[in-house]
Amino acid sequence: MMLRRCYLGVLLLLAWPALAVIETYEFSDPELEARYHELSQELRCPKCQNQNIADSNAPISEDLRKLLYRQLEAGASDREILDDMVGRYGEFVRYRPSFDAKTAVLWLGPLAFLVLGGLFAFLALRGRNQGRDDHMTESERARLESMLASRTDQQQ
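Residues -20 to -1, 1 to 136 in mature numbering (1 follows the signal peptide of the UniProt record, and there is no 0) are what the sequence shown spells out, letter by letter.
Nothing false has been slipped in among the hints.
For lysine to aspartate or glutamate, the following EDC-like pairs were computed, each having C-alpha atoms within a straight-line distance of at most 16 Å: (1) 27 x 71; (2) 46 x 13; (3) 46 x 6; (4) 27 x 43; (5) 27 x 42; (6) 82 x 71; (7) 46 x 64; (8) 46 x 35; (9) 46 x 18.
Think of the hints as simulated: they come from the structure by calculation, not from any bench. On a predicted model such as this, the values are computed, not experimentally measured, just so you know.
Please model the complete structure; the sequences and the hints are all you need to start from.
Shown next as structure tokens:
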């Protein structure tokens, strides 16, 4: 029984590449094919949400790949295609959303956190150093020197 499960697991691992997306389109121009591959990597699957439409097996990704092919063959520019997809599915459909008022937090948020973290670290370290009193009285200095002298005598 255990051996049968192991065989089943090995067969599943070997068959996994067969589940990959395989589509072939006849492009009228090799440049269109290159643009197709680039844009299909840029567009996110609305159903899968963490895969681009090139890698997704979801039916909606298949539809989006067909639509992308038709738009490219019809002569649409990359900007027109992306604008159409964003119009249909929202800015989420792009892995690299454009910079505008709605997405400013996405683009500037990491920079703001970095600046705030650096400022916090600076203030914390400065405050820690200001709280120290590195000045010793003469009696404390003499006691420290005697302790160090006795330690060096013990080590020799």
